Amino acid sequence: MRTEGFAVRADALSRGFGDRWALAGVNLRVRAGSSLLLAGHNGAGKTTLLRILAGLLRPTSGAVQVAGVDLSKDLHRARRKVALIAHQGQHYLDLSAGENLALVTRLLGRTQADASAALARVGLSERTDDVVRTFSAGMRKRLAFARILLQAPDVVLLDEPWGQLDPAGFRFVDELLGEFCADGRAVIVATHLVERAGRLLDHGLLLDGGSPAWVGAARDLPQAMSEEAT
Amino acid sequence: MSRPMLRQTWTVLRKDLLLSWRGRARIVAMLSFAVVTLMLFSFAVGPNADALARHAGGYLWLALLLSSVLSLGQSFQLELEDSALEGLTLLPVDPRALFFGKAIANAAQLMVLGVALVPLSLVLFGTTVEGSWLGLVGFLALGTAGLAAPGTLYSAMTSRAKGSDVMLPLLLFPLVVPVLLAATKGSSLSLQGDPMSQAKSWATILLCFDLVYWSLCPVLFGRVLDD
Numbered sequence: 001m002r003t004e005g006f007a008v009r010a011d012a013l014s015r016g017f018g019d020r021w022a023l024a025g026v027n028l029r030v031r032a033g034s035s036l037l038l039a040g041h042n043g044a045g046k047t048t049l050l051r052i053l054a055g056l057l058r059p060t061s062g063a064v065q066v067a068g069v070d071l072s073k074d075l076h077r078a079r080r081k082v083a084l085i086a087h088q089g090q091h092y093l094d095l096s097a098g099e100n101l102a103l104v105t106r107l108l109g110r111t112q113a114d115a116s117a118a119l120a121r122v123g124l125s126e127r128t129d130d131v132v133r134t135f136s137a138g139m140r141k142r143l144a145f146a147r148i149l150l151q152a153p154d155v156v157l158l159d160e161p162w163g164q165l166d167p168a169g170f171r172f173v174d175e176l177l178g179e180f181c182a183d184g185r186a187v188i189v190a191t192h193l194v195e196r197a198g199r200l201l202d203h204g205l206l207l208d209g210g211s212p213a214w215v216g217a218a219r220d221l222p223q224a225m226s227e228e229a230t
Numbered sequence: 231m232s233r234p235m236l237r238q239t240w241t242v243l244r245k246d247l248l249l250s251w252r253g254r255a256r257i258v259a260m261l262s263f264a265v266v267t268l269m270l271f272s273f274a275v276g277p278n279a280d281a282l283a284r285h286a287g288g289y290l291w292l293a294l295l296l297s298s299v300l301s302l303g304q305s306f307q308l309e310l311e312d313s314a315l316e317g318l319t320l321l322p323v324d325p326r327a328l329f330f331g332k333a334i335a336n337a338a339q340l341m342v343l344g345v346a347l348v349p350l351s352l353v354l355f356g357t358t359v360e361g362s363w364l365g366l367v368g369f370l371a372l373g374t375a376g377l378a379a380p381g382t383l384y385s386a387m388t389s390r391a392k393g394s395d396v397m398l399p400l401l402l403f404p405l406v407v408p409v410l411l412a413a414t415k416g417s418s419l420s421l422q423g424d425p426m427s428q429a430k431s432w433a434t435i436l437l438c439f440d441l442v443y444w445s446l447c448p449v450l451f452g453r454v455l456d457d
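Going down the list, the sequences are from chains A and B.
Those letters in the first sequence? Residues 1 to 230, by the numbering used here.
Those letters in the second sequence? Residues 231 to 457, by the numbering used here.
Take these hints with a grain of salt, some might be off.
Here are the computed distance ranges between Cβ atoms for each label pair [to be verified]: (1) Val353/B x Gln164/A: 48 to 56 Å; (2) Ala259/B x Arg199/A: 46 to 54 Å; (3) Pro349/B x Arg121/A: 50 to 58 Å; (4) Asp130/A x Trp363/B: 42 to 50 Å.
Covered stretches of chain B (in silico footprint by chain A; criterion: 3 or more residues with CB under 8 Å from a CB of chain A, positions within the stretch not fixed) [said to hold, decoys possible]: (5) 234–246; (6) 249–258; (7) 309–316.
Everything labelled a hint here was simulated from the structure, so no lab data went into it.
Keep in mind it's a predicted model, so treat the numbers as computed, not measured.
We treat Cβ as the ideally placed atom computed from N, Cα and C, and that holds for glycine.
When you get a sec, could you build the whole thing from the sequences and use the hints?
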């Protein structure tokens, strides 16, 4: 059963690092089953925002609710409703792909068959017994997607999901984004590939220096960015 | 401890032991470091056989303590590589289960190291076990448990700090002085004999410190992870 209403809700979110503000006064609403494209130049605050929503970074001020859970009140419960694909794969590099997913399945109470199915889905069945340290960056990204498939979270946070992937991987991510939304999950994607993401996602938010610079339909975001550049 | 928490603890413990086995070059390095440390004590004291034999328990525990810094520090570096710990915290795992899994794995590694160092200590320091082998193993188990619990907590605290290699021993060593003292006394009594039956008192002290560390550290570990 997915959360009704807003799956992600952030109010006046700010985060400072020393005397620099990475995020300043961001408000966010994402409904279950809908998707948001986060765009902006390097250092605009996209990754900081995703890490705060995942409960991995505390905001300096502001409030966040994920799937109805207030992060400041029940961080652990909120974290379990979120899956994050970050720049790093979040794998144990000296374990095999199968062992990494076995760890996840045991903690989630899922079965080994689920892990095998997830590995097959991301195209890594033949590399199940290979140590992740020997994987390319793209393969590690695919393994991270396998973990998300097992987690089945309410909120999916993706930081550059197409990064390091081959064309087949691009199509795979496109498919998954549609599936996540169809399953009633809220999806937030931070990427520089705004043309591609704009065609796939519902809403768009352009960040500039940590503050919202533009809000609208995701398909209009590339145009907004080019206008901002000129 | 609830059944789900037991299952999570076992899962984390298995993962940590598997990672240690895969990185056994690090274990060999730690063992080599401990052996070199024992030999240095032997050289430093010189050919005074009586002093070497009398303080064998102390040298053994100092070698274990110094080597534990390598092992404890490494256990969290593996979690930070590729941000694996972040992935783990987004899964439904109780922070206390995470602590127990890691701390038991650390204690087991230190225990194995301790057992491996005993025969070498006997040879290097020219002593024998005149007391009780069982007692010696018991003090090794209680002592390594007393090092592993605060060591795991401090390793988590310092792993992301600048100069974590220096921070860990600076924080850990003062805290484990009572453990070191009781473990050294108990081990010495096991080696040299215990005519006054003092070993039981030292074991009780060690057990009390273990109980305090293993009760407090899991609670504090959750706070460390959140921050």
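The hint says 48 to 56 Å between Val353/B and Gln164/A; measuring C-beta to C-beta, is that right? Since Val353/B and Gln164/A have Cβ atoms about 54 Å apart, the given range 48 to 56 Å holds.
Within 50 to 58 Å or not, the Cβ separation of Pro349/B and Arg121/A? holds, 52 Å
Check the following: the C-beta atoms of Ala259/B and Arg199/A are separated by a distance inside 46 to 54 Å. holds, 52 Å
Is the listed coverage of the region 309–316 of chain B by chain A valid when you require three or more residues with a beta carbon under 8 Å from a beta carbon of that chain? Three-residue rule met by the region 309–316 of chain B, so holds; n is 5.
Does the Cβ-Cβ separation between Asp130/A and Trp363/B fall within 42 to 50 Å? holds, 44 Å
Outcome, coverage of the region 249–258 of chain B by chain A - at least 3 residues whose beta-carbon is closer than 8 Å to one in that chain: Three-residue rule met by the region 249–258 of chain B, so holds; n is 3.
Holds or violated: the region 234–246 of chain B covered by chain A, criterion of 3 or more residues with Cβ-Cβ distance under 8 Å? Since 4 is at least three, the answer is holds.
No hint from the list above goes unmet by this structure.
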